[in-house]
Structure formats: C-alpha cells, structure tokens
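Okay, here's what each chain looks like letter by letter:
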Amino acid sequence: DTAVSQTPKYLVTQMGNDKSIKCEQNLGHDTMYWYKQDSKKFLKIMFSYNNKELIINETVPNRFSPKSPDKAHLNLHINSLELGDSAVYFCASSLTGGKTNEKLFFGSGTQLSVL
Amino acid sequence: TQLLEQSPQFLSIQEGENLTVYCNSSSVFSSLQWYRQEPGEGPVLLVTVVTGGEVKKLKRLTFQFGDARKDSSLHITAAQPGDTGLYLCAGVRDTGFQKLVFGTGTRLLVSP
Chain A
1 DTAVSQTPKY
11 LVTQMGNDKS
21 IKCEQNLGHD
31 TMYWYKQDSK
41 KFLKIMFSYN
51 NKELIINETV
61 PNRFSPKSPD
71 KAHLNLHINS
81 LELGDSAVYF
91 CASSLTGGKT
101 NEKLFFGSGT
111 QLSVL
Chain B
1 TQLLEQSPQF
11 LSIQEGENLT
21 VYCNSSSVFS
31 SLQWYRQEPG
41 EGPVLLVTVV
51 TGGEVKKLKR
61 LTFQFGDARK
71 DSSLHITAAQ
81 PGDTGLYLCA
91 GVRDTGFQKL
101 VFGTGTRLLV
111 SP
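From first to last, the protein sequence lines stand for chains A and B.
1 is the number of the first residue of the first sequence in the working numbering; add one for each residue after it.
1 is the number of the first residue of the second sequence in the working numbering; add one for each residue after it.
For reference, chain B alone in the conformation it holds in the complex (with noise of 0.2 Å):
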C-alpha cells in the first residue's frame, strides 16, 4: 500500500492546455513537497507547502495544501514543452524530514 497516491500516473497534453496532478493520503503530514524530475537526472525541488489550506504560485504552477494536510494538488497553466517530466509529491511526516514519503509519480509529457 503506498502512503501517497499520485494521479493521473500519466499525462500527455498539448502545448497551452492546463492540467492538475492529485496527491493522495490518508495520514497527515507536517509538510509536503513537490518535485520534478527530468531524464537522467535527480529529483529537484519545486515548492514546500507547510499549512493546511495554502496555495503557492511558481509561474504557471500553482500548489495547494489540503485543509487537513492529506492531501496535496498542482495545477499548470498553458502547459509548455518545458514543462515535461515526471513530477512527485513528497510528504513529511512528523517523525521528521528524514523520513520523506515520495507519491507514486506523474509523468507528464507536453507536445509542441
């Protein structure tokens, strides 16, 4: 059973669409991460959200928290080729950082 669903697993939209990516649980978490990762390449960090309810913006990436910190969702607007990778959420827990939980993973592929 894994503590965090992401969905869809895949994505493959056109240039200028909009998306959103679920992360799903059902335990708490302090905080949750998203990354994304490229091929060949590690995971690089996107955003931290830390309280229930909070939305973040990183350009056309808007992250939200769920109210009661299970859960977790990102939305991109007017997809871009650029934008193509696979995209996991990462939840803490409060037993500490070192314990990072990673979601099951988006891939997302945007076509020109």
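In isolation and in its complexed conformation, chain A is listed as follows (with noise of 0.2 Å):
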C-alpha cells in the first residue's frame, strides 16, 4: 500500500532508445510532478500536473512528454534517450498544489543509465 509508487526502479538502455516510467499514487491527491535528480543530488522539477492538467513545464527537451491519463497516474516517456539523462527521476504527488505549506510525496525514485 505504497502512498506514490514508480516502475521500473532501475532502467538500462541504450541512447537513442525510447523509455517509459509509471507513477502511481493513492493517497487522493490532485497535483503530481515529476522532479530529476542528477549525481550531485540537484533535485529540479521537470513537469507538474492538477488534475491531468498540465502547470509547470520547466524547459525540458520537447524529448520527454508526461502523460497523466488520470489525477492518480502520470507517467513520463523519454524518446532518442541520451547519455545526459542518466539520472534519478523521482515521481511526487502533493494535496492540491496551491497552498504554501503542503508537503511532497516522494516515490522511490527509477535511476536510468543511458549506455
């Protein structure tokens, strides 16, 4: 009973491969995001979503498009991969998205090797 859950936990892949990584939450709530964290342990926002619509795309190659086929779910498609984005990527959800003090719910993270 995982609160925000994302498959597949560790990815290898060649560069110029296509790649997807699910997200799924279950704790109801209406925002949804998926953050990068690189190997110094930046972590920066790539995209968010409220209620399957999208609110924040921070400047990431058109290469990679989310898709939230519902407020629970939000998945993240990665095409012609290339070796700058091996990383972590984590999936979070958080309540409404719009309050000062709401807190984010991590996911375990899917660390991608591009070869």
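Since the hints were derived computationally from the structure, they do not count as laboratory data.
Check before you lean on any hint, since a few could be wrong.
Each pair of labels, with its calculated beta carbon distance range [said to hold, decoys possible]:
| no. | chain 1 | residue 1 | chain 2 | residue 2 | range |
| --- | --- | --- | --- | --- | --- |
| 1 | A | T7 | B | G16 | 39 to 45 Å |
| 2 | A | M15 | B | V55 | 47 to 53 Å |
| 3 | A | N17 | B | K56 | 41 to 47 Å |
| 4 | A | G84 | B | S26 | 24 to 30 Å |
Calculated pairs, PhoX-like style, for lysine-lysine (alpha carbon to alpha carbon, straight line, at most 25 Å) [unchecked claim]:
| no. | chain 1 | residue 1 | chain 2 | residue 2 |
| --- | --- | --- | --- | --- |
| 5 | A | K99 | A | K40 |
| 6 | A | K103 | B | K59 |
| 7 | A | K67 | A | K36 |
| 8 | A | K22 | B | K99 |
| 9 | B | K99 | A | K41 |
| 10 | B | K99 | A | K99 |
| 11 | A | K99 | A | K36 |
| 12 | A | K40 | A | K71 |
| 13 | A | K99 | B | K70 |
| 14 | A | K44 | A | K22 |
Only a predicted model underlies this, so the values are computations on that prediction, with no experimental measurement involved.
The beta carbon of each residue, even a glycine, is placed where N, CA and C say it ideally should be.
Dock chain to chain to rebuild the complex, using the hints, since each chain is given by itself in its own frame.
Rendered as structure tokens:
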C-alpha cells in the first residue's frame, strides 16, 4: 500500500532508445510531479500536473513527454535517449499544489542509465 | 546560479557530536521545508517553517527560519548513525507550492 509508487526502479538502456516510467499515487492528491536528481544530488522539477492538466513545464526538452490519464497517474515517456538523461527520476504528489504549507510525497525513484 | 545554497556540502562526524546545516538564498520564500533522503529512496519531509524567525523542534533536530525568510538552519544535537542521509532544504516562492525549489543538499555521515 505504498503511497507513491513508480516503476521500474532501475532502467538501463542504449542511446537513442525510447523508454517510459510509470507513476501512481493512492493518496487522492490533485497534483503530481516529475523531478530529476542529477549525479550531484540536485533535485529539479521537470513537470507538474494538477487534475490531469499540465501546470509546469520547466524548459525540459520535448523528447520528454508526460502523460496523465487520470489524477492518480503520471507517466513519463522519453524519446531518443541521450547520455545526459542518465539520472534518478522521482515522481511526487501533493494535496492541491496551491498552498504554501503542503507536503511532497515522493516515490522511491527510477535510476535511469543511458549507455 | 543555484537559488538555495546549502553548506556544508558534506559532513562526516562521530556519534554524539552536534552539527548545523545552513540553507541560504538571496530570495524571499513564503515557507521553507527540510527533507531527508536515504540511499535508494525519495526525500521525506521533516518540517515546514512559515514565519520569519520561527523555530521548530523535532526531537534532537532544531529548525530555524531566518527573520527575513531568506535562509534557514538545521541543528542536530547528539547526532546518531540513524541521522545519516542527504538533507535538502526547499523553498516555496509566492508563485505557489508547485514551484518548490530545492537546495544543493548536505550529505551527512554519522559514524558509531
């Protein structure tokens, strides 16, 4: 009964391939996010969705396409993978996304390695 | 340029020592959060501070928000091996929680 679950945990692939990461939250939250954590552990927001609607797209290359079929799911598809895409990708959710004292609930991350 | 700079970047101490981690910015934040991340896991929220000058305690951890709401500190008393992890501050700008900005991180190792 994990709150925010993402799959797969590890993803190793060749340059140029297309891959997807799935995320689901069972908390009833309205807002979901994708974050990227680089090798220096810096965590940066990529996308935010509120009730299936894209709210934030932080200058992410258009090879990255998030999809939210419903408010409990936010998947991330990456086309034409590049070496620089190697990182840990975290899915997260929060109750509404609109209040300053909200709390982010993170998944356990997907470690993507592009060879 | 990072919006939130944490110092130190790395800290290796012995069990029982005290330590302070700093989170500094030139920007004002509506609120500031501290998260702890363990290897192979996502960050977990420790605390949210909202008011300038606010101090919150969580057992041996003391969090303070600067008077001008531009900086914060985390003080750990009598550190234990279980405190080992990556500590991240995160600032909420007045543009909304969805624009949460994370700090550069502090890796803490507490040895027995």
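Hint consistency between K40(A) and K71(A) [alpha-carbon to alpha-carbon, up to 25 Å]: Violated. K40(A) to K71(A) sits at ~31 Å, over the 25 Å cutoff.
Does the alpha-carbon distance linking K99(B) and K41(A) stay inside the 25 Å limit? Roughly 18 Å between the alpha carbons, so the hint for K99(B) and K41(A) holds.
Within 39 to 45 Å: is that where the Cβ-Cβ distance between T7(A) and G16(B) falls? At roughly 41 Å between Cβ atoms, G16(B) and T7(A) fall inside 39 to 45 Å, so the hint holds.
Measure nothing beyond the straight line between the CA atoms of K44(A) and K22(A); if it is 25 Å or shorter, mark the hint as holding. holds, 19 Å
When you take the CB atoms of M15(A) and V55(B), is the distance between them in 47 to 53 Å? holds, 50 Å
Take the C-beta atom of G84(A) and the C-beta atom of S26(B), compute their distance, and say whether it sits inside 24 to 30 Å. holds, 29 Å
Compare the distance between the alpha carbons of K99(A) and K36(A) with 25 Å, and conclude whether the hinted pair is satisfied. holds, 23 Å
For K99(A) and K40(A), compute the direct alpha-carbon distance and say whether it is at most 25 Å. violated, 29 Å
Taking 41 to 47 Å as the stated bounds, is the beta-carbon spacing between N17(A) and K56(B) within them? The hint (41 to 47 Å, Cβ to Cβ) holds, given that N17(A) and K56(B) are roughly 46 Å apart.
Given the hinted pair K99(A) and K70(B), is their Cα-Cα distance within 25 Å? Roughly 19 Å separates the two Cα atoms, so the pair holds.
Would you check the hint for K22(A) and K99(B), treating anything up to 25 Å between C-alpha atoms as holding? holds, 22 Å
Quickly compare the C-alpha distance for K103(A) and K59(B) to 25 Å and report which way the hint goes. holds, 20 Å
Checked against the numbered hints listed earlier, the structure breaks hints 5, 12; every other hint is satisfied.
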